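Trainee: Turn these sequences into a full structure, and let the hints steer you where they fit.
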Amino acid sequence: MSRTDQPATTESTPDSDLASPPINAERLLQLITNEYESLPRQLKRIASYMSQQSDRIMVDRISDIARECEVHPSAIVRFSQRFGFSGFSEMQALFREAYTHKTTPVQNYQQRIRSMIANKSQKASGGDLARECIDATLSGIERLGLELDDQAFDKAVDLVVNADNIYVVGVRRSFAVADYLVYNLQHTNKRIHLVSGLGGSYREQMRSVRANDLVIAISFTPYGKETQHCLRIAQHNQAKTLIITDSNLSPLAKRANTVLLVNEGSSFAFRSLSATLCLCQALFIAVAYRLELKVDEIHEQVGFED
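Per this note's numbering, residue 274 is the first one in the sequence shown, and the count goes up by one each step.
Some hints here could point you the wrong way.
[What the hints assert, rightly or not] Here are the in silico distance ranges between beta carbons for each label pair:
#, residue 1, residue 2, range
1, Glu370, Arg464, 31 to 39 Å
2, Asn297, Gly473, 46 to 54 Å
3, Pro313, Leu419, 27 to 35 Å
[As the list claims (entries may be wrong)] Mimicking DSS-like on lysine-lysine, the simulated pairs with C-alpha atoms at most 27 Å apart in a straight line are:
#, residue 1, residue 2
4, Lys498, Lys428
5, Lys498, Lys527
6, Lys527, Lys317
7, Lys317, Lys498
8, Lys463, Lys317
9, Lys428, Lys463
By construction, these hints were calculated from the structure, which means they are not laboratory data. Note that the coordinates shown come from a computational prediction; the quantities given were computed from them, not determined experimentally. Glycine is no exception: its CB is placed at the ideal position from the N, C-alpha and C atoms.
Mentor: See the structure below:
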């Protein structure tokens, strides 16, 4: 065990009741999901990171994870022990075994960005930085293609097709995605509502939600409180819910009818929206296909002149 894996003296006793650690990364991630609610606050942050960034764990250092989760490295050790491992290195080996033979674009990007930051002697050009942003976006889209849950996606299409009214909510960076999805869905004959919260009127805009309606909520860590508020209203009124988020551990995902997961690539701590927009466009296309929309019904209608 490396020095960074050594727990502090107050953390020498593992929290886990497991007789032995999970046999593979898939089983570990399932255990993390099952035990998430019972974890202390700091360990919940680490659990969320593990769930969202599972394909990066094999190249991450314990200090990288600690920085991303805003915890001390000893918390990473404690998290590892909670699930039956002696320390971080043993847990990381599980992910290395799972991903060694299929290095992903996210891993390649992570290694390259780390080298760029470390190489202080060479100043990056504007073009270099632009390409890093582009590569981060591509890595997110490729990961979406690899990890898309077909069953969950088909259920999402069913929810949209069968809904009387559709309410779409997303705040801050997710607002652009919500507005784009509303724009697409307005090409159908369904009644579509953008929950903008203009003037703080989230409650008022959600007042008319009913049991046969669908609320689509789009939110990523740290998960907008306004979006969670709208979702509680939807569930109170027994409306169906479709959640687009980055983890099954998201507080929005707990009581959703279906969840679509998407993890964006990030460049210098700025996350792209491209994969999420792509997912929403794919959802609309699948809905249009099911509703048998004609192409001329989707195209822009000429009716306004400058």
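Trainee: Hint by hint, note whether the structure agrees.
Mentor: A quick look at each hint next to the structure:
no., hint, result
1, Glu370 / Arg464: 31 to 39 Å, "violated, 50 Å"
2, Asn297 / Gly473: 46 to 54 Å, "holds, 47 Å"
3, Pro313 / Leu419: 27 to 35 Å, "holds, 32 Å"
4, Lys498 / Lys428, "holds, 26 Å"
5, Lys498 / Lys527, "holds, 15 Å"
6, Lys527 / Lys317, "holds, 15 Å"
7, Lys317 / Lys498, "holds, 18 Å"
8, Lys463 / Lys317, "violated, 39 Å"
9, Lys428 / Lys463, "holds, 18 Å"
Hint violations for this structure: numbers 1, 8, all remaining hints satisfied.
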